[in-house]
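Colleague: Residue numbers for the sequence shown follow the UniProt record's numbering, so the first one is 1 and each next one is one higher.
Because the hints were derived from the structure by calculation, they are not lab data. Hints may be right or wrong, so weigh each one.
Claimed, not checked - Beta-carbon label-pair distances, calculated as ranges:
no.	residue 1	residue 2	range
1	126	199	28 to 34 Å
2	88	59	19 to 25 Å
3	24	148	25 to 31 Å
4	152	50	55 to 61 Å
5	38	134	42 to 48 Å
Claimed, not checked - Derived pair list, reagent style DSBU-like, types lysine-lysine, alpha-carbon separation capped at 30 Å:
no.	residue 1	residue 2
6	234	130
7	234	220
8	232	130
9	49	147
10	154	220
11	130	33
12	33	147
What you are looking at is a predicted structure, and each value in this text was computed from that prediction instead of being measured. Cβ atoms here follow ideal geometry from the backbone N, Cα and C, with glycine treated the same way.
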Amino acid sequence: MSPTVAPPVAPVPQGGTITLHIGEETFAFIPGKEIAGVDAGAWTYLPSKDPVQARTAAVLFADSLPSHIRLRDGGLDRITEALTTAADAEIAVPSWRLASDVLLSMANVSVAGGQNASVALDRIDGLVLKPHEVFSFNQAVGPREAKNGFGLGKVLVGNQYVTEMGGGICFSSTIVHQAVVHADEASGLTVLERHRHTRQAPYVEPGGDATVYYGVMDYKFRNGDALLAVEKQKTPDGMGLRFWRAVN
1 MSPTVAPPVA
11 PVPQGGTITL
21 HIGEETFAFI
31 PGKEIAGVDA
41 GAWTYLPSKD
51 PVQARTAAVL
61 FADSLPSHIR
71 LRDGGLDRIT
81 EALTTAADAE
91 IAVPSWRLAS
101 DVLLSMANVS
111 VAGGQNASVA
121 LDRIDGLVLK
131 PHEVFSFNQA
141 VGPREAKNGF
151 GLGKVLVGNQ
161 YVTEMGGGIC
171 FSSTIVHQAV
181 VHADEASGLT
191 VLERHRHTRQ
201 APYVEPGGDA
211 TVYYGVMDYK
221 FRNGDALLAV
231 EKQKTPDGMG
241 LRFWRAVN
């Protein structure tokens with residue numbers, strides 16, 4: 001009886017060590033049989049000159065990044081190129097770092113006010129501020145008019161509530177203020193204009209509100225040294241913002 005001969009083991013293709021710097025995180029890739037995470041910050045990859053295969057591997061890696069990191073435009077291309085070249089390399093990958101994450105309860109917000117606040121945040125969702133650019137709530141959101149999606153709601157004038165178009169929008173300006181004051185120090189955000197209600201706002205801790213009135217009172221802040229992206233958050237019982245700071 002002939003001895004059993006084990007099938008030959010396919011050799012791991014030759015390739016270099018690729019080190020990716022993404023935000024404050026570092027990921028090292030060494031040649032292996034597939035794209036796979038083997039330890040914290042350590043990956044294997046299959047060296048290949050096939051750009052489609054490299055792209056698939058890059059997407060798989062990007063999807064596994066921690067929730068506080070996202071790739072910026074060009075980041076996926078840079079990783080794909082590195083995996084295709086498969087040579088020793090150390091690469092800074094353009095990315096976004098979560099700088100602020102705020103979600104306020106809507107338990108004490110009226111239906112109409114919540115709808116108007118949501119419309120306002122829709123109008124700044126996806127906004128990207130340049131370094132040192134000044135954000136103006138009134139300029140970014142625009143007039144509180146029906147053609148802009150706003151409806152009637154309650155507005156606090158002095159100590160009395162009256163019904164006006166866009167009433168309740170101050171919930172959204174308060175959310176912006178909370179995102180600014182809770183941003184990480186590296187973002188370098190500076191409040192330039194802020195007004196408080198004449199009464200305590202029921203949806204935020206005392207002193208944490210920011211009221212606006214188009215053409216009269218605005219909320220403004222200055223961005224720091226990096227690009228800053230704005231993302232709306234919405235849950236069944238909450239509304240908020242995330243700020244993302246550009247890195248690399």
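Colleague: To test your reading of the hints: which numbers does this structure violate?
Modeller: Checked against the structure, the hints that fail are numbers 3, 9, 11, 12, while the rest are satisfied.
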